[in-house]
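Make the complex out of the two chains shown on their own, each in a separate frame, by following the hints.
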Amino acid sequence: MSNIHATIDAVWRIESAKLIAGLARIVRDIGVAEDLAQDALVAALEQWPESGVPDNPGAWLMAAAKHRAIDGFRRSAMRERKHEELARELESKLEPPDLVSAIDDEVGDDLLRLVFTACHPVLSTEARVALTLRLLGGLTTEEIARAFLAPEATVAQRIVRAKRTLAEARVPFEVPRGPELAARLSSVLEVIYLIFNEGYSATAGDDWVRPALCEDALRLGRILAELVPKEEEVHGLVALMELQTSRLGARVSPAGQPVLLLDQNRALWDQLLIHRGLTALDRAAARGALGPYGIQAAIAACHARARTAAETDWTRIAALYDALSQLTPSPVVELNRAVALSMAYGPAAGLEVMDALMSEPSLKNYHLLPTARADLLARLGRYGEARAELERAASLTRNARERELLLARAAGLGG
Amino acid sequence: MKFMILVKATKDSEAGVMPSEELLTAMGKYNEELVKAGVMLAGEGLHPSSKGARVRFSGSQRTVIDGPFAETKELIAGFWLFQVKSKEEAIEWVKRCPNPMLEDSEIEIRQVFTADDFGDALTPELREQEERLREQTEGKQG
Chain A
1 MSNIHATIDA VWRIESAKLI AGLARIVRDI GVAEDLAQDA LVAALEQWPE
51 SGVPDNPGAW LMAAAKHRAI DGFRRSAMRE RKHEELAREL ESKLEPPDLV
101 SAIDDEVGDD LLRLVFTACH PVLSTEARVA LTLRLLGGLT TEEIARAFLA
151 PEATVAQRIV RAKRTLAEAR VPFEVPRGPE LAARLSSVLE VIYLIFNEGY
201 SATAGDDWVR PALCEDALRL GRILAELVPK EEEVHGLVAL MELQTSRLGA
251 RVSPAGQPVL LLDQNRALWD QLLIHRGLTA LDRAAARGAL GPYGIQAAIA
301 ACHARARTAA ETDWTRIAAL YDALSQLTPS PVVELNRAVA LSMAYGPAAG
351 LEVMDALMSE PSLKNYHLLP TARADLLARL GRYGEARAEL ERAASLTRNA
401 RERELLLARA AGLGG
Chain B
416 MKFMILVKAT KDSEAGVMPS EELLTAMGKY NEELVKAGVM LAGEGLHPSS
466 KGARVRFSGS QRTVIDGPFA ETKELIAGFW LFQVKSKEEA IEWVKRCPNP
516 MLEDSEIEIR QVFTADDFGD ALTPELREQE ERLREQTEGK QG
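Order-wise, the sequence lines are chains A and B.
Last residue of the first sequence: 415 in my numbering, with the numbers rising by one and none dropped.
Last residue of the second sequence: 557 in my numbering, with the numbers rising by one and none dropped.
Chain B with its partners taken away, still in its complex shape (with noise of 0.2 Å):
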């Protein structure tokens, strides 16, 4: 299962406060962490919302708004994708990360979809012995 874990922005990470030296020390710790146990797929840092945009859809039409935007405690800091067995592991996970920012924050936790969510599309036959035609045979490689 893969999960978006998305780092919620605060005042001061909208306001462009760099994380301290301190702080930094320990995310890449905690990064290495999540490296080491083949957690981590990706994952990144972003800058404040005054740096981004907007485009508003309605029918055909689209409206392109620049930032900063309001709602700070919705918006979103940074992220990770981890490839993990369950939510809980996912949780597990989250709870060993270093306060992200300086005052009080929030991460929120989202399973990515994948074919499996469409159901049982993978299914058999002898599908199996023909697919391995292929598997041996460059080129046709499946």
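One chain only, chain A, in its complex shape (with noise of 0.2 Å):
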């Protein structure tokens, strides 16, 4: 027999969403609702242990909130009619256990109506992550702030706070119709994402990959995507989710050391990920022109398909980025486009557009230019300049051990 509590948390990852979206069209608020649900989880904290788990305890956690709700309610100094009326439709609504799958679109809609007011545009970027992980995600304000390396009391207040913006600010606990689901979903979207990136390449910390969440992340965004299968952009952010996850483990050296892409050792890539990568690409393929995350997915699919570094297609890649800087135009992108036109075409390719962004404000401090021209200047022949770029680049970066490695390549080319 497993540990009861490991049990408890597990029924909770897999429940507490379900539960506090139920709870939230009712009472029309995710605060109240996750307090509702909190209460059914000590609960069962405090009679599963003698009691057991019951058979079926989503169903149980459900009617435990709703008692609770309905007592709240009854004990209230205030008794409103309202009130009253609530307590009457969350009684009406407590269903017996075997009507629970008849409601399985409900649940649906339910989750989906969380996940819009967890991201919604009334709160910072920083609040709707740390709600959409913890409403939606299941986890605990602990594990947010060990992931995202905040203290557990910022978090907490973060969480609160976010709670208090969506009452204060009355947002009305529904999916938004129209041109507006547009633009909140990819609001969702970007949360997800951002999430994942935490995870992917860490801002801040020792580690600098942190797979557990790239894995909360990936189930976020696969959850989204049978939410709303119809929404393009949904499976392209699935399919670059589970591309660049499907090399993870060939990343990093066993040594520690990061592992370029072209230098990878491809057998280590995960191809079940890779497979379901490509499927949620082409489900995101077959509804049209592909959007910025189908576009960035199908790039990562072109190095999943290549068997080595040698096949990779960078026509293709450089076409996909020249559609990417149409959709979204940044100056990264640009350069992106750059150094995918120079693998396809040659350095001088590159180096035009290269040359063209040094003009670009926004990145006359960015050392990745310099370094990236620099590489296409030494591949021309060009090392004089070749090395004034390197030197410029070191004199941009704020890292010491980057510094060191340009400054030696820079003095490698002689002169």
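Read the hints as simulated data drawn from the structure, not as lab findings.
As the structure is a computational prediction, the values presented were derived from the model and not from experiment.
Among the clues, some could well be false.
[Stated by the list, open to error] When the alpha-carbon atoms are kept at most 20 Å apart in a straight line, the in silico DMTMM-like pairs for lysine to aspartate or glutamate are as follows: (1) B:K417 <-> A:E174; (2) B:K417 <-> A:E106; (3) B:K451 <-> A:D282; (4) B:K444 <-> A:D9; (5) B:K444 <-> A:E226; (6) B:K510 <-> A:D9; (7) A:K230 <-> B:E447; (8) B:K444 <-> A:E106; (9) A:K230 <-> A:E174; (10) B:K451 <-> A:D355; (11) B:K444 <-> A:D55.
[Said to hold, decoys possible] Residues of chain A placed beyond 12 Å of chain B at every Cβ, according to the derived structure: (12) D71; (13) E143; (14) I159.
[What the hints assert, rightly or not] Simulated coverage check for chain A against chain B, where a stretch passes if three residues somewhere in it have a Cβ under 8 Å from a Cβ of chain B: (15) 9 to 18; (16) 30 to 37; (17) 222 to 236.
Ideal placement from N, C-alpha and C gives every residue a C-beta, glycine not left out.
And the structure:
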């Protein structure tokens, strides 16, 4: 018999989002809904060690939470009529467990409402991330704090404030419709991808990858893809995350050194995740033109399909960056396009694009531009210019180790 | 964490008895639930061992043995691959599975090895910044 507390944790992870979402539909406040759900969890922690885990733990938790809500309303000193009505409505919704399966679609709708509320634009990005992980990912405050290397009290505060903001702004518990849907959905995707990236290339801390966060983001993405299967960008994002995750095991050498994509041992790529990524990409493509996530996934797919680095279809990658740059123009995308062009058509083609970027103000202090440019100049035999670029890059980076590397490379070019 | 969920064979499954429509429907629903929860990575059912074979290794020797194989309860009739946070979560999901067989049956839960199990090789230094350098420059992306 496994540890009962670990079992309750597991049940919580499986049921909490559905529980909170179902309660939020009734009480119309995700803060109150989460409190009720927590009460039900406390009741489970008290009773299950004695009684054992019930056969249908999800229905048990929902019933416990609803009873708690009814008690609360009834006992409330205010005894407003509105509350009486709510209490009655709650009682009428105490379905027996065998009806639970019949309301599957309703569960999906509730979850989707919860997703959109947790990622509502009235909240700061940080608040959206914390709330999403907490309400949908089933993570504890402590787990979120650990993942983002923030003090637990800070995260707890952030969540409390977020719930208050939602209540004060009277954010309706609903799925946006019409033209608003696209904008709101992209906010949801952004939150999920942000969580993923924090795991994939951590911005802080000792570990530069945190696979657990990647897994949380992937799980959220997979759930969302089933909730809104007609939205191609959801599949695009899932494809991108599956494909990037497939390389996690190859990105670090046994000695802990990062390994560049083209140097990675492709045998270490997770073929199952690649297969899942390509399938998700097909689902995205089947719905029409790819969006920004879909295009990035298509680029990742070019790498995934190449059995060796030399087989990489750079012409296609350059074309995809071209499309990406039209959809979401940015100097960083341009720089990537330049690198792809240089791989497809030779250093001169890439250099032309990079030269145009030299006057880009936002890249003025961006050490990656001179680093990449130096590479192309060196390949063209223009060693003096290459050296100057490497030295410039060295002066721009704030990382001492990186500066050393750049200067060593510059010195290696002779002169 | 990844877990392999192994559905053990029974006399019926080894005899090639196909599951009832009712069971197929229940299984389909269960699979759908797994997918909706983002838990299921893969899953397949297997033909009886009479259509399989074994390769036995002894030093450099290889001997091929055709199915069927005797020890029915040790054989596998199907599998899933779950991505979950704990063994308990895998157990909870498996408890929700309809009995996969028409007779008494058993499902075994086994953890899959991952890089993490080979120690803390993913360690630090100021690698992270250097990594991002590659990250943003495609063609060198890690």
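Tested hints:
no.	hint	verdict
1	B:K417 <-> A:E174	34 Å, violated
2	B:K417 <-> A:E106	30 Å, violated
3	B:K451 <-> A:D282	19 Å, holds
4	B:K444 <-> A:D9	24 Å, violated
5	B:K444 <-> A:E226	14 Å, holds
6	B:K510 <-> A:D9	15 Å, holds
7	A:K230 <-> B:E447	17 Å, holds
8	B:K444 <-> A:E106	16 Å, holds
9	A:K230 <-> A:E174	18 Å, holds
10	B:K451 <-> A:D355	48 Å, violated
11	B:K444 <-> A:D55	18 Å, holds
12	D71	28 Å, holds
13	E143	10 Å, violated
14	I159	20 Å, holds
15	9 to 18	holds (count 5)
16	30 to 37	violated (count 0)
17	222 to 236	holds (count 4)
Violated hints, in rising order: 1, 2, 4, 10, 13, 16; the structure is consistent with all others.
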